[in-house]
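Residues per chain are reported as follows:
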Amino acid sequence: MLLIKCPYCGERSELEFSYGGQAHIVRPLIPSDITDEALTEYLYHRDNIKGVQAERWRHLHGCGRFFNAVRDTTTDHFQATYKIGEAQPASGAKSDG
Amino acid sequence: MGNAFRNKDGKYIDYTQILRFTFDGKIYQGYKGDTLASALLANGVHLLGRSFKYHRPRGIVAAGADEPNALVTVQRDHARTTPNVKATQVELYEGLIAESQNRWPNLRFDVGALNTLISNFIPAGFYYKTFMWPRQAWGKFYEPFIRGVAGLGVAPTEADPDRYSQRFAHCDVLVVGAGRAGLAAAMEAAEKGLRVLICDEQNMFGGSLLSNADVQSTESLLQTMEKLHQYSKVTCLKRTIAFGYFPHNMIGLCERLTEHLPNPAKGDVRERLWQVRARHVILATGALERPLVFPGNDRPGVMLAGAARTYLNRYGVLPGKNIACVVGHDNGYLAALELQQAGATIAVIADVRTKPVGRYIEQARQAGLPIRSGMTVTGTGGYRRVRNISVAPIVNGNIDASDTIRCDTVLMTGGYTPSVHLFSQSRGKLEWKSEQNAYIPSQSTENLSSVGSAAGLAGNDRGVIGALPMTNKSTAFVDWQNDVTVKDIDLATREGFHSIEHIKRYTTSGMATDQGKTSNINTLGIVSNILQKPVPEIGLTTFRMPYTPVSFGIFAGFARGDLFDPVRTTPMHSWAIEQNAVFEDVSLWKRARYFPRNSESMNEAVARECLAVRASCGLFDASTLGKIEVVGPDAAEFLNRMYINAWSKLTVGKCRYGVLCREDGFVMDDGVVGRLATDRFHLTTTTGGAARVLAMMEDYLQTEWQDLQVWLTSTTEQWAVIAVQGPRARDIIAPLISGIDISAHAFPHMSIGEGTIHGITMRLMRVSFTGELGYEINVPADHGRAIWEAIYEAGQAHGITPYGTEAMHVLRAEKGYVIIGQETDGTATPDDVGLSWAIGKAKPDYVGKRALIRQAMQAPTRKQLVGLLTLDDQVVLEEGAQICATAANTPPMQLIGHVTSSYYSATLGRSIALAMVAGGRTCYGKTLYVLMPSAAIPVTLTAPVFYDEKGEQVNG
Amino acid sequence: MADISEAPHTERYIFRGGEKACAEADMAFGMNLPREACHAKVTGERAALWLGPDEWLLLGNGFNVQLTALPYSQVDVSHRQIGIQLKGNHAADMLNIGCPLDLDDAIFTTGMCTRTVFGKAEIILWRQDVQTFHIEVWRSFGDYVRGLLAIAQKEYM
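Protein chains in written order, with the working numbering: chain A, 1 to 97; chain B, 98 to 1053; chain C, 1054 to 1210.
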């Protein structure tokens, strides 16, 4: 069971969180303007990385906030968690906790 | 021969407490402190079971968790019978009843042993190769046969009456294993004032110290324990196995609390799951002794040398009186010396190494023990107990003439293998140390350290691995429990299995309940030798949890009976119970399904409830509907972006039916949204969708639309919701209401307002899910039942009738109102289910808008919501049944749709159904066929409205 | 083992809004909403519990005050949930049969509060004292939480 550092509440058990898929997929500003190909990319195409990836979590049974995390899928170790709107830290950067 | 093999020097045996127990119906005696294995050995019993495949007689090999053979069933009663427990781990108690397994009719004479005679015909992969043809025979013959003979013990037939418990715990340091190294580590952490948790699988701390003969071991152990208990932040858990290492230093422990008690009290917790989160983990799991692989190494009486020392020193039990030792490690000499001291005769020490030197070897020479080096074993004799051993020298790489020596016990040792199971489970990297013949912990990914022999052996303590030189490979066992021999591994490699993962699965070596604790490393050695490749190139199979089997009970924990899941009930639940309602589960909720009167059947009750709603008035508990309060200056804009509908023009005091799509354009939820103020909306969702909708809305607000000033709060449980539906609804509630003019003109269909009912604050919505004049009265939950009863009382004169979810379903189906999740299945667009009218077409954007304009989403051949009327109007179709254009009932047929809702409508006096049919809206009037088990039933396609097509009733 | 009792009925509101609305609320309520994550503030008979960076649970009377035009949300949830008091020896241990938090009083200190889970239910947990916890739970999960606590009592008899 993972130990996840909520950017607001600190380290909590995975039981309090829900997973939210790949991070930094931005909803098109005006979706109606995009092509079918761009729509397909936005809706369905996701990376499936063996290694370091940015992903979304929500502290559902906690502060309720969505946030982003950088996790190594081979070890399950988090390199960083950060608030929505903040830039993804450079890969390999150590988390501050 | 009661305790003929017992002396009085067992250091942890209480000789004053005699315990009687039975094994296979025969009564024996042991002492407090014994295991079942030590007590049986003390009585001279070595034959404990039959092997899995060949039913060969088997005895006790080890003294702990690594025991591969001595599996027994321990019985308390029919419900509390535990199969496949290791006799070496069963603590003896007064009256213990144990049975051997895998034999018929009895252990000494077992018909299954005939398999031994045909063992040449049961090679590795036998099942894969044999049960291939004819294909039809698989289900009829092979599978039942294999299931009949497979497996070991038999599971109990009655429900488990024991309690299991769970606990979350946190500590600075978790020490796994309370041997010398683990205790020292725990002490060090305790002295620093840290929170320490130390556990050990045995009934007392000490690990290998418990097996030593010297007095110092005992004394230092006692001192350490005394000191440790003085620290308040130290928790000591005995009889507790660390079975799994999970990410981020979460360790699963299973604590056994009553297994050793003769009569556990009813209600006592049997086992407890500890989920421990540790800042640092110290693995002090020690090392496992390695057996030697030689022909006949599985006979009862062949035992690990270290295990023999444990039996002697800890339990005061001599495994035999005339002992042969086959050694590949100095430890074997120590065992021989101690056993000789205790009165046994050492028939031979056959060292498989050519020039052994060392302290114990020197002592053994001085004691005059018969040592022969550079030897191998060519076989053993005896059936139910070993009687002799044949040893032969290796001369110039060849096996020379053998010598048969009488003995009643054979001790073997190949050295030690560090127990790296948990380290490996933690995803730590293992490193092969050829000078130790062992994989040892290298890089770890978790915050952990390995100490003691779990971290590696001393210097070049390599012992031997693999098989001894031999010619007869078919009785040289590598994996005792799964009956895997050197011959099987040989065959597997010849058939092309070279990866250790493949060899493991093909031969099943290491796949038994002992998870290869004694076999894995020797398998590697044998394969390395056959393929002439160094061990690291063979690979290593994955160590998986659990380290030793744990019961399912601990994972279930408290989640059984009434606490299996939360049972959510509404404020009016108690009233429904008093009215004999029949309930159904809707997600975690209990909802009243119907209210039978007298001896009514469900169909009769539902018909009566439906007719009452249509004729006068019904009363329905809608409290489970999800409710969200949307507040903020941008609330309307937010709803515009979320729902397919347009909201800007919805005026205060009005409601609208809203449809929510996912970004992929498929309908996700629906509900009524009412505007209470310019910046405040009362929003409802489906019962099952409440949490999902709130999460989705929060997601968009927090991650995409941070520009919006709007906040969401779940009010699902704030309000009890009472639906009053039917032509007399207004007449019934009007006298109770104040603060709102609910006349038809002032408060028309789809209105919302705040007032009081019977003196209680209320949110009143005029909405209908029945097609009749209807209201949904929201009152603070504490008042739900009182207001419900007040309305029920007031409605008596009008024939008010409580109705349940079943009638609700029928009533809405008569009107063709969809239920999300019943008509829709996650692949239906709003237009598919006839809701395109709800789309705010002028809106620049809403969730799902872009996806809905894809060509495929507009295809005329999409499945569309239609009505079905059976030609025989009394036939009720099956929900889920497939629909076909022709009556020909011979596959392959093209299926063009399916029935989504089907009921008998008492109002119409006939059956009705809703269905999703490809291009269905263009085919009204056409005859289609619904495939039911009995026949293909003809139906006429219609519009999905069966009652009050013009929709006049709701405006009543 | 700790005693389980029903907390007396009280008014409850969920207050949500930005920092400016918060500052105004401080004035209007006559008490400061806690800004520190996972902490509660008590003033007399009233308490404000931090639930999230823009979400507070207000317990007690006197919160039903209309602020001026600053955007915020205040929603009455008095009946949405119930309060359960857990007081006495092993209170933290009893919670740990189903709650994964580290409830060591040096870590989850007095005055801290948070949403978390207890078995299969979501709860709000507020430590009022080393051995006293206040639990808020949605009403339909009340029986479940009480049932699990009753089992916890047996564990620590």
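Please keep in mind that the hints were generated in silico from the structure rather than gathered at the bench.
Where is the CB? At the ideal position from N, CA and C, for every residue including glycine.
Do not rely on the hints blindly, as some may be mistaken.
[What the hints assert, rightly or not] Derived CB-CB ranges, DEER-like:
(1) B/Phe649 / C/Thr1185: 33 to 39 angstroms
(2) C/Ala1081 / B/Asp922: 46 to 52 angstroms
(3) B/Lys363 / A/Met1: 31 to 37 angstroms
(4) B/Gln172 / C/Thr1185: 43 to 49 angstroms
(5) C/Val1118 / B/Leu708: 22 to 28 angstroms
(6) B/Arg602 / C/Val1183: 21 to 27 angstroms
(7) B/Asp662 / C/Gln1206: 19 to 25 angstroms
(8) C/Gly1141 / B/Gly923: 29 to 35 angstroms
(9) B/Arg177 / C/Gly1141: 50 to 56 angstroms
(10) B/Thr542 / C/Ala1081: 29 to 35 angstroms
(11) B/Arg777 / C/Val1183: 46 to 52 angstroms
(12) A/Met1 / B/Arg177: 28 to 34 angstroms
(13) B/Gly852 / C/Val1183: 44 to 50 angstroms
(14) B/Gln172 / A/Thr74: 52 to 58 angstroms
[Stated by the list, open to error] Listed below are several chain A residues computed to face chain B (Cβ distance under 8 angstroms; list not exhaustive):
(15) Met1
(16) Leu3
(17) Ile30
(18) Ile34
(19) Ile49
(20) Val52
(21) Phe66
(22) Asp76
Right, here's what the structure says about each hint:
B/Phe649 and C/Thr1185 have their C-beta atoms about 36 angstroms apart, which keeps the hinted 33 to 39 angstroms range intact. For the pair C/Ala1081 and B/Asp922, the beta carbons lie near 49 angstroms from each other, so the given range of 46 to 52 angstroms is met. Between B/Lys363 and A/Met1 the C-beta distance comes to about 33 angstroms, which sits within the given range of 31 to 37 angstroms. About 46 angstroms separates the C-beta atoms of B/Gln172 and C/Thr1185, a value consistent with the hinted range of 43 to 49 angstroms.
Under the hint 22 to 28 angstroms, the C-beta atoms of C/Val1118 and B/Leu708, about 50 angstroms apart, miss the expected range. About 54 angstroms separates the C-beta atoms of B/Arg602 and C/Val1183, a value inconsistent with the hinted range of 21 to 27 angstroms. The beta-carbon spacing between B/Asp662 and C/Gln1206, approximately 21 angstroms, falls within the hinted interval of 19 to 25 angstroms. One distance hint, 29 to 35 angstroms for the beta-carbon pair C/Gly1141 and B/Gly923, is violated here, with the actual separation near 49 angstroms.
For the pair B/Arg177 and C/Gly1141, the beta carbons lie near 34 angstroms from each other, so the given range of 50 to 56 angstroms is not met. Look at B/Thr542 against C/Ala1081: about 52 angstroms separates their beta carbons, and that is not inside 29 to 35 angstroms. Our hint of 46 to 52 angstroms for B/Arg777 and C/Val1183 is violated, since their Cβ atoms are close to 41 angstroms apart. Under the hint 28 to 34 angstroms, the C-beta atoms of A/Met1 and B/Arg177, about 30 angstroms apart, fit the expected range.
B/Gly852 and C/Val1183 have their C-beta atoms about 47 angstroms apart, which keeps the hinted 44 to 50 angstroms range intact. A hinted range of 52 to 58 angstroms is violated for the C-beta pair B/Gln172 and A/Thr74, which are about 46 angstroms apart. Taken as an interface hint, A/Met1 checks out: its beta carbon lies about 5 angstroms from the nearest beta carbon of chain B, inside 8 angstroms. Proximity of A/Leu3 to chain B holds as hinted, the smallest CB-CB distance being about 4 angstroms (cut-off 8 angstroms).
Checking A/Ile30 against chain B by beta carbon gives a least distance of about 6 angstroms; that is within 8 angstroms, so the hint holds. For the restraint placing A/Ile34 at the interface with chain B, the shortest Cβ-Cβ distance is roughly 7 angstroms, inside the 8 angstroms limit, so the hint holds. Hint on A/Ile49 is violated. Least Cβ distance to chain B is approximately 17 angstroms, over the 8 angstroms limit. With a least beta-carbon distance of about 14 angstroms to chain B, the hint placing A/Val52 at the interface is violated under the 8 angstroms criterion.
Restraint check, A/Phe66 versus chain B: the minimum CB separation of about 5 angstroms is within 8 angstroms; hint holds. At about 4 angstroms, the closest approach between the beta carbon of A/Asp76 and any beta carbon in chain B falls short of 8 angstroms, and the interface hint on this residue holds.
In the structure shown, a violation is registered for the earlier hints numbered 5, 6, 8, 9, 10, 11, 14, 19, 20, in ascending order.
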